[in-house]
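The numbering of the sequence shown is the working numbering, which starts it at 1 and goes up by one.
Heads up, a few of these hints could be off.
Below, simulated DSSO-like cross-link-like pairs (lysine-lysine); rule was C-alpha separation at most 30 angstroms, straight line [unchecked claim]:
1. Lys180 - Lys35
2. Lys176 - Lys148
3. Lys148 - Lys55
Hints listed in this document are in silico derivations from the structure and should not be mistaken for laboratory results.
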Amino acid sequence: MLAGEDANDCDILASIIRQHHAKIVRINDQVRLKKKTGSELATAVDTLVGKAKGKALQQRGPLVGLAIHEDLDGFTDNRYRTVRMTLSAELARKSPCDAALALAAWESEAWLLLFPGAFPHVRPRWKVPAQLRGNDTGMLKDPKETLKSKLGSPTFRESDGALIAKAAYERGLLAKPQGKNRSYDDFVAELTTWG
């Protein structure tokens with residue numbers, strides 16, 4: 001099961017998940033967990049888990065894993081570690097299956113920068129500038145705006161993210177990120193533990 005902030009982010013994650021697992025079913029509700037704590041967080045996670053169980057029954061298949069996406073809107077710093085630890089602990093406590101948290105720092109577009117070779121396969125004129133390659137993309141503020149201003153014509157749109165992730169998946173680039181992003185690494189590490 002896959003739940004996230006919006007359809008574009010979920011489509012990006014779907015390509016990353018496909019690298020490790022075959023079938024994905026999406027829960028269409030928006031996920032907003034990062035600011036919740038205590039009973040409010042427990043209730044929100046209960047709701048997501050309930051919907052995942054319902055979708056698995058509807059699909060007549062087992063619930064193997066639950067991937068949750070939310071943009072952190074912040075860097076991979078101490079706040080990231082605190083928020084991730086809180087959310088991961090609640091997911092582990094409530095989920096009947098393996099869970100993977102995609103708490104994308106700053107946003108999932110930062111993850112796309114780990115795969116610069118995929119961009120020209122979506123728009124032939126796009127080339128990720130050298131100053132954006134091989135860096136810690138978890139420390140880049142507002143990567144979506146950076147992509148809009150640095151890629152040239154046509155202007156990057158949020159919906160292009162899914163196409164870039166798909167191109168990276170199809171070309172085997174997801175297994176070889178160029179640069180680093182702790183939030184990406186944490187998500188992939190959790191995905192690889194799924195049964």
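*Which numbered hints are broken by the structure, listed smallest first?*
3
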